[in-house]
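*Asks:* Here's the letter readout for the chains.
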Amino acid sequence: MKHRSLNDRLMMFIIYTLLILLGFSTFYPFWNALVVSFNEGMDTALGGITFWPREWTFENYSIVFQDSRILNGFYITIMRTVIGTLFSVLFTAMLAFAMSKQDLIGRKYYMVFFIVTMYFSGGLIPSFLVTRSLGLMDSFWVFIIPTLISVWNMIIFRTFFRGLPDGLLESAQIDGCGHFKTFFRIVLPLSGPVIATLSLFTAIFHWNEWFLPSIYINNENLLPIQSMLQQILNSNIMSEQMSQLDSAAQARMSRMRSVTTKSLSMATMMVATLPIIAVYPFVQKYFVKGVLVGSLKE
Amino acid sequence: MSQISTDTRVMERKKTRGLAVRLWKQWELQLMVIPALLIVFIFSYIPMYGVLMAFQDYSIFDGFWASPWVGFKHFEMFFNAPEFWTIMRNTLVISALKLIIGFPAPIILALMLNEVKQMAFKRVIQTISYLPHFLSWVIVAGFAMSILSTDNGSLNILLLSLRVIDEPIGFLGTAEYFWTILVSTNVWKEIGFNSIVYLAAIAGINPSLYEAAEMDGASRLKQISFITIPSIMPVIIIFFILAIGNLLNAGFEDILLLGSNPVLREVSDVIDTYVYRIGIENQRFSYATAAGLFKAVISVTLLTAANYIARRSGNSLW
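In order, the protein sequences belong to chains A and B.
Quick note, the first sequence lines up with residues 1 to 298 if you use the working numbering.
Quick note, the second sequence lines up with residues 1 to 318 if you use the working numbering.
This is chain B alone, in the form it adopts within the complex (with noise of 0.2 Å):
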């Protein structure tokens, strides 16, 4: 019985000293980590910690440290404050519109491409549908600017041309038109490169199963559907709980630059420009912060609700 406790207690100081020895040994790799460490510690971790500065009244002299507790007073004045229901209802609809034609619009162009058969026109249309992701949220604003102005849009060029309309129309003024602005600049950035993914999934799959289905007859809608869509949707559920995971994001570069304007501030205002107004432009640190709290309690709530649904039907569904 002694005999294997003083055993045991040899080699963990053998195991002790075995890991200073270790270390030591291994210096040129800890040394790689370190730098890491330090930097994602200090502009990732200390922010984490500094968000409880929502539950003080922070200011600037005092410091983090020594500004006064207020308990859940900046929650209270936000969900109290004239602006926040026509927050919560911009953040919503404009999250479920991206959700509902953001994502399945990917989906269908993979589709649509997989069934092209000349290679050429195929490489032609993936190239210039990948390209926008590249660019930045301030040029693709800059496009539709110039695309949708009054004096020289094309877009009211060709209206007028069509007689659809009498009057040039300043889309980027009007409310009305905001969202639909909003989404179809973002599918028109991300359709291309959303799809590749759907792609590469949709190359997986087996062709004998669409040579069988040519056997008995099937047209292409048919073999779409009941092949190609069946085998692919592993990897559009994947995709679908992760944009479920984001819904709240509703976007902030995009309606930054599109609709900063005050005259559209009833449809474009979100959770996080609405943040970045008060906290960074007016300075109320601590309200921003509390704002951008609720919002993330929300996110990291429907992430793991997405994930949880996921876990329990994701392999029995498929």
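Excised from the complex, chain A in its bound form (with noise of 0.2 Å):
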């Protein structure tokens, strides 16, 4: 038994301690949110929900599965979510693959004009007045087409696809394999883990991104969940920061307030936060890698 001296107890004893708080700072606000969810809207607002809920009931969520426009902005995100990591992934892993092939001819400009695009942008205003132009205000596409390419993803999946045989592609070619053929029928087939990291990291993009929405969808049936969320949460934090004004403010707040927005926001921010729950811990060791890959490269 080895022999610890009285400074390194205290010190683990500090680290647990910390690590403790840690793990439940984290995981408190999910808990609340959740019970919160659970709980009676009206019962919420006479306050001290904190760990268990008072008054149970489903009402909150069954509200949220019933508002066409909450169930729409779910299906716009899922079509997104679903269609943009589909073409985004497909489209960066073909650029790979060319961009893997030593004799592609202009390979190196072609290189610097991407790796360019990490470094530079020109920023919010230029880039919504492109946008604009080109008629994708209002437009699903939106979503898709200008998130196409990821130049990080594309340089992750060209360190793996060199990583692959030479011989196996090579007696691909002579089989009579054209390129295309050699990456949807040999390369992708092999690629499974890393399509899936990067899959993962696209698709929780599209389903968290609200922003773009923010400033070029108006019509409300193209709005994806986090956006509507996030006006919902915007006109409570607004309320709550008016509260603080003065009293009249105060009563026409909480007059205009419904009483269940808040267990109702929440039951929805529950229900939009659900899937990355769901598969996060599937997908947990692959992401540590996909990281690890990802610094390498720094």
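For the record, the hints were derived by calculation from the structure and aren't laboratory data.
Incorrect hints may appear among the rest.
[To be verified] No farther apart than 16 Å at their CA atoms in a straight line, the calculated lysine to aspartate or glutamate pairs in the EDC-like style are these:
no., chain 1, residue 1, chain 2, residue 2
1, A, LYS181, B, GLU28
2, A, LYS101, A, GLU170
3, B, LYS117, A, ASP8
4, B, LYS73, B, ASP57
5, B, LYS222, A, ASP8
6, B, LYS25, A, ASP103
[To be verified] Take a look, some chain B residues computed to stay more than 12 Å from chain A by CB distance:
no., residue
7, LEU37
8, PRO47
9, LYS73
10, PHE75
11, TRP85
12, GLY153
13, ARG163
14, VAL164
15, THR180
16, PHE252
17, ARG312
[Claimed, not checked] To be clear about the criterion: a stretch of chain A counts as covered by chain B if any three or more of its residues have a C-beta under 8 Å from a C-beta of chain B, and this derived list gives those stretches:
no., stretch
18, 27-33
19, 95-105
20, 128-134
21, 145-157
22, 172-184
23, 269-280
Glycine included, every Cβ here is placed at the ideal spot set by N, Cα and C.
Bring the two chains, given one by one in their own frames, into a single complex with the hints.
*Replies:* Laid out in structure tokens, this is it:
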């Protein structure tokens, strides 16, 4: 048995305490939001809901699932995530496959062309004007097309493709496979882990992204769920902040605010977070690898 | 002599013909690159060129080609704007706070996690701490709103029951708390995920170093400060340089979501949110582009300087 000094034991005590505190403070907001989403709205407004619901109810969720606007928001988000991820990963992987070939004519120029965009950009306003002049305002394709190519993901894909055995690709060529056929029949099926990782990151980006719709989408039927949530929460935060101003404003706001807004927004938040929490445990081991591959290339 | 030049000419011609043949042979590969070139050209390069509108009085009706050139007018307007110094202060303070607190936090977490020998406990803490990275800022802001609200916020409930305060505090509506809230939510969201690279770096340290130190009777704290931290220093430096290059990106989504209220503008308005408000909401395109370009110029300067310092000292230091 190893003898440990008092100092070491004290340090371990502090470390465990801090880690438990961190774990708790990360976990608690989820738990509290879940609890509030299962608590009756009027009762929540009385205050004091922390670890356990006082008045159990599924009503918040049933309202969420009956609200056609919210359901439509989910539909848009799912469509956007599926189509956006599929296209982006496919086009980026295809680009990376070509870029992984040493004999690709113009490879060096292409690489500089892509890398430059990682450091320089036109910024918000010129990008906004370009996107608008292309007629992408109020179009579903504004979610898909501008984010089609990720230079960062291309570099990770390319690193992976270079690691594939040369003999395999050569023998495919000898058997009469063109580059397209080699890519779809041989390279893609062999790239499971890297496709899984980058699809996950791309999908999470599409699922979470709310800012593009807030500037490009006016049509309510095209708003993804995160943007709708942002509008709901923003009015909530605003009223919270306004209530600090004066009692007249406070009275006005509280009359405007439905008492169950909070319960409803918590239920919507939970539903919007659920898919991420559901896939998270299965993909955790992939993304740790993905992050490390990414950081190696810095 | 002439023999050689004829040979070169023939070879040149062969090369040109060879290029066309080679291009034709790899038409499939070239076809894989073309869509990407187009997309990146349209959505990255045209906006870069469009930055020039910062030197124009851009009007939607005249477009980029017909709008009159006005030199540095919009930059001067921006520098003389009454809110310029507030915005600069907020940008710098928020960036600095995020760097000073947000940068070491994941390193400390990685160092602490490394000391934990109970694998199950370690895995639970890691899994929980990574998770917020995958949530949108909208959700994180929703959590913050819920925890900090006056009517049923858990923080107010806690402080009231501990008798620290007598009245609920409206954290989200008070300017003094804004920076603290902003930095805390940022640390909350990213600490776990950012610790991954440091944990990986720590895992790569030769265990015999620790064994030798233990033989010599070094305490855990001594081992951390004389073995672990120096060993991961190269990684820390790389990430610090990247962070310096990003210094002016005080954040956008978080500030837009948590600090969009006019009550908080005095402390929450940074260059990015100003560009958004003036450009997208008020449609003053040239002026907003000038403000954005000003930020980009400082950012690129910082990045170049950081890179330069890194190249000068990087290898010699470690």
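*Asks:* For the stretch 145-157 of chain A, does the count of residues with a C-beta closer than 8 Å to a C-beta of chain B reach 3?
*Replies:* Since 6 is at least three, the answer is holds.
*Asks:* For the stretch 172-184 of chain A, do at least 3 residues have a Cβ located nearer than 8 Å to some Cβ of chain B?
*Replies:* Held - the stretch 172-184 of chain A has 4 residues with a Cβ nearer than 8 Å to chain B, which meets the minimum of three.
*Asks:* Can we confirm that no CB of chain A comes within 12 Å of the CB of ARG312 (chain B)?
*Replies:* Nearest chain A Cβ is 19 Å from ARG312 (chain B), so the label holds.
*Asks:* Would you say PHE252 (chain B) is clear of chain A, with no C-beta pair closer than or equal to 12 Å?
*Replies:* Nearest chain A Cβ is 8 Å from PHE252 (chain B), so the label is violated.
*Asks:* With the threshold set at 16 Å, check whether the alpha-carbon distance from LYS117 (chain B) to ASP8 (chain A) stays at or below it.
*Replies:* holds, 13 Å
*Asks:* How about the stretch 128-134 of chain A: do at least three of its residues have a C-beta closer than 8 Å to a C-beta of chain B?
*Replies:* This one holds; 5 residues, not fewer than the three required, reach chain B with a Cβ under 8 Å.
*Asks:* Keeping to a limit of 16 Å between CA atoms, is the pair of LYS101 (chain A) and GLU170 (chain A) held or broken?
*Replies:* holds, 12 Å
*Asks:* Is the claim that LEU37 (chain B) lies outside the interface with chain A correct, judged by CB distances over 12 Å?
*Replies:* violated, 7 Å
*Asks:* Between LYS25 (chain B) and ASP103 (chain A), does the CA-CA distance stay at or below 16 Å?
*Replies:* Holds: LYS25 (chain B) and ASP103 (chain A) sit about 11 Å apart, inside 16 Å.
*Asks:* Does the claim that GLY153 (chain B) lies off the interface hold, with its Cβ farther than 12 Å from every Cβ of chain A?
*Replies:* Not fine: 9 Å to the nearest Cβ puts GLY153 (chain B) too close to chain A.
*Asks:* Test the statement that ARG163 (chain B) is away from the interface with chain A: the closest C-beta pair must be farther apart than 12 Å.
*Replies:* holds, 16 Å
*Asks:* Confirm or reject the coverage of the stretch 95-105 of chain A by chain B under the rule of 3 or more residues with a beta carbon closer than 8 Å to the chain's beta carbons.
*Replies:* n = 8 at 8 Å, threshold three: holds.
Comparing the model with each earlier hint shows violations of hints 7, 8, 12, 16; every other hint is respected.
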